[in-house]
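The sequence shown: position 86 = 86 (UniProt numbering), numbered continuously.
Please note that a few of the clues may not be correct.
What follows is a list of derived Cβ distance ranges for each label pair [said to hold, decoys possible]:
{"no.": "1", "residue 1": "L67", "residue 2": "A108", "range": "48 to 58 Å"}
{"no.": "2", "residue 1": "G252", "residue 2": "S114", "range": "17 to 27 Å"}
{"no.": "3", "residue 1": "S20", "residue 2": "L145", "range": "46 to 56 Å"}
{"no.": "4", "residue 1": "S125", "residue 2": "F55", "range": "29 to 39 Å"}
Since the hints were derived computationally from the structure, they do not count as laboratory data.
Yeah, the Cβ is synthetic: ideal placement off N, Cα and C, and Gly gets one too.
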Amino acid sequence: MDIVLGYADRFVLTPYVYPSTWTEDDPLRQILSLLLITNIGGYILYFMTATINYFTIFDSRLMKHPLFLKDQVRLEILYTVKSVPLMSIPTVALFFIEVRGYSKLYDAVPNSLSDWCNILLSVVSFIVFTDACIYWIHRFLHHKLIYKYIHKDHHRWKVPTPFASHAFHPLDGFLQSCPYHIYPFLFPLHKWTYLCLFVFVNIWTVSIHDGDYRVPLPLEPFINGSAHHTDHHLFYNYNYGQFFTLWDRIGGSFRHPSSLEGCGPIQDILKKENSNGTTSKGKLKKEE
């Protein structure tokens, strides 16, 4: 995050926001700056990715589903807008520790094949590590003593849209993001790689709420996509994973997506429409 903070200081905060006497390495200034960057950046990333996804990928037929709430998109957005500032507080605490140099992030320019291999390996280990951690955190949030206080709000959206991707209780959202922040304190990670991965995980979070249930056949047994996660919203105790199905299979919580078996939300809508069409034709014929 110090990369973003550095650019913000250089081009905006130092010349236009803070007095010249307030040094860039002052702890209070860094905390205020990180709060500003995290909130503005979080909103921009959320609205940009969710909106693009909503208008280009999301299957709008899902809005006809009987479990789709009235004004659901507006409610998802409002919930996110209210939660982001609260989620940002503990997040900024971790960013601040990182900026002060206590993480294992590094910014050395890779200049050998070995350096690039280390970066690639760190990407793989980051995804594997966070996937495992998020599975157990997510499953913990479904414990009967915890669920109704923290995670239940996210399950209001039984047939979610991309705008539901960040519509969490603030503590829920922070806990599920913790592995992303903890990783660079445990393992070496290039600063630019970390920034790219941070953007990637936000895009992925939107994508598993986008209602596009298609999965490349060779990847179907391994990837936790929108079809898997929609079943999590519908049936609660299945498919807790973030990226892969591995931990759901290990933990006995894997459910093959109903959409891939021809009995998912889209099929429910089509059956209802066909049923209504048959009924209407029947009535019309009787009247004639």
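These are the hints, each one checked on the structure:
1. Remark: the range hint 48 to 58 Å for L67 to A108 is upheld by a beta-carbon distance near 51 Å.
2. Roughly 40 Å separates the CB atoms of G252 and S114, a value that falls outside the hinted 17 to 27 Å.
3. Checked against the given bound of 46 to 56 Å, the beta carbons of S20 and L145, roughly 53 Å apart, stay inside it.
4. The hinted range of 29 to 39 Å is satisfied by S125 and F55, whose Cβ atoms lie roughly 35 Å apart.
Of the numbered hints stated above, the single one contradicted by the structure is hint 2.
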